[in-house]
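2 protein chains.
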Amino acid sequence: MQDLDHANITAAVNATWGDGTDPRLREILEALVRHLHELAREVNLTHAEWQQAIEFLYQVGRKTTRRRNEFILLSDILGVSSLVDMLASRGPDGATERSVLGPFYLPNAPMLPVGGGDMRRDNPGEPVLVRGRVYDASGRGIGGALMEVWQNAANGLYSNQDPDQADDNLRCRLNTATDGAYAFTTIRPVPYSVPTDGPVGGVLRATGRHPWRTAHIHFRVTAPGYDELVTELFPADDPYIDGDAVFGVRASLAVPFRRSDSAELAAAHGLPTPFGVVDYDFGLCPAG
Amino acid sequence: MQDLDHANITAAVNATWGDGTDPRLREILEALVRHLHELAREVNLTHAEWQQAIEFLYQVGRKTTRRRNEFILLSDILGVSSLVDMLASRGPDGATERSVLGPFYLPNAPMLPVGGGDMRRDNPGEPVLVRGRVYDASGRGIGGALMEVWQNAANGLYSNQDPDQADDNLRCRLNTATDGAYAFTTIRPVPYSVPTDGPVGGVLRATGRHPWRTAHIHFRVTAPGYDELVTELFPADDPYIDGDAVFGVRASLAVPFRRSDSAELAAAHGLPTPFGVVDYDFGLCPAG
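Residue numbers (the numbering used here), protein chains in the order written: chain A, 1 to 288; chain B, 1001 to 1288.
These aren't lab readings, by the way, just hints derived from the structure by calculation. Just to be clear, a hint being listed does not mean it is correct.
[Claimed, not checked] Restraint-style ranges between C-beta atoms, simulated for each label pair: (1) B:Pro1107 <-> A:Asp167: 53 to 63 Å; (2) B:Gly1202 <-> A:Asp237: 16 to 26 Å; (3) B:Ala1137 <-> A:Asn8: 22 to 32 Å.
Quick caveat: nothing in here was measured; it's all calculated off a predicted structure. Where is the CB? At the ideal position from N, CA and C, for every residue including glycine.
Construct the complete structure from the given sequences, taking the supplied hints into account.
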């Protein structure tokens, strides 16, 4: 009979996946077992620590609902969610980097006119004009791309977290113009805390980590023949630009919110002066 | 500002654990982040696969209660629970290897007379005499050690899974005699399936793995001045001796269930002939 021990158990577990197993599932399970075992061996995990880990996962499961997924939050604060986005971002030169979708996306936001319009409405906060182009690998503008935009209000909350905001507040959709141009008005987003009332909040407290996300505007850009792009833009001067609790910031997505006093631009976009200007072009990858 | 990418994010996450973090917690978190990230990079985990993993954990959480912990079962079938036992088993020569406590332990089982007695009662199944000594590192018997024993019945169920069994059926406690000797009668345990109605059962089916645990008798042995020993004995001729679904079997814990026709021994222990005999000595480690 086989004589299992702490060294050979890894190969023994990975020998049990049957021949009919989907090859990709098998590849992932084999790597999972190898890394879990190596982790336990490396730190010489005790039975009491294993029990604490099981209890922690039990509490994460208890806190999780379809609306509030503590497993995703755990993945976020360990940098796993962002790493997965980064791995998917290794596209051709010129393609915009991806970042997290987050839990606050809603479909069917109000359509603005082709090219852009007013998402700011009467929201308090620093007025901002965001503008640029959506382009392809060759630098050509992509007309008719669908851009979806969502962000939080001055109180730090998204509309679907806040009964005092209209459901569609600070959310919009727009189609790019034939040359790929877009422009919309909004307010500057503000940093906000990830939820800290669950077991993941306990980890942050036990390790002296803050729960703040760098302020950001979410984008989802789709166009026929191109891969979907989900990303975020961050104010380069945000106090948490180097300390996003979920590691969503990339240097290429940190953008200046330039101050403008242009009366002409203000009038064209219905903004008071001064206002912020963000210029950003989004590069899409060909599908597949 | 820092420019996070798929290679440097691991160091960035591990730089966030604060100076006041418990050193052992920090050691474990750093290794956890390193191995989770390495796993994602190695298999080039896609966003869709990450979502499937999150959904799987969500389902594991939903299936888990205080009585039925699907996280423990997941740890079991990935060999992690046994590996942790193995790491704790690296004691001095002569110390008995540890194995899983399992979910069916109950305290306060009936006390048999010093040295042993009848745990078999009127249970159907192959009658067995289990006997031996509890000894220390120098080979001296340990008198007055407390041995707790539990196992399943011929129908594969433990008393706390089966309304048709008395709560204390096939469970006992006994104190060893002054020379460390013990002996009790029972029936041969039978293989049984781990629960397969949850997401972990789905993994077993998707990978062509069977859910059977090798038959076993559970032991917990405690004595003042010695480390607690939790282990199991397995019939060496069990059909699943090389295929325990939770990797609990060690060669040193697989024991012959020898057939005996001894009328003398049968009479001394109130058994019919023929019966099985298991001879096993348990070695304890000095405390600490």
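Between B:Gly1202 and A:Asp237, does the beta-carbon spacing fit 16 to 26 Å? violated (48 Å)
Just to be sure I understand the hint, the distance between the Cβ atoms of B:Pro1107 and A:Asp167 should be within 53 to 63 Å; is that true here? At roughly 55 Å between Cβ atoms, A:Asp167 and B:Pro1107 fall inside 53 to 63 Å, so the hint holds.
Does the Cβ distance between B:Ala1137 and A:Asn8 fall inside 22 to 32 Å? Holds - the Cβ-Cβ distance for B:Ala1137 and A:Asn8, about 26 Å, lies within 22 to 32 Å.
Hint violations for this structure: number 2 only, all remaining hints satisfied.
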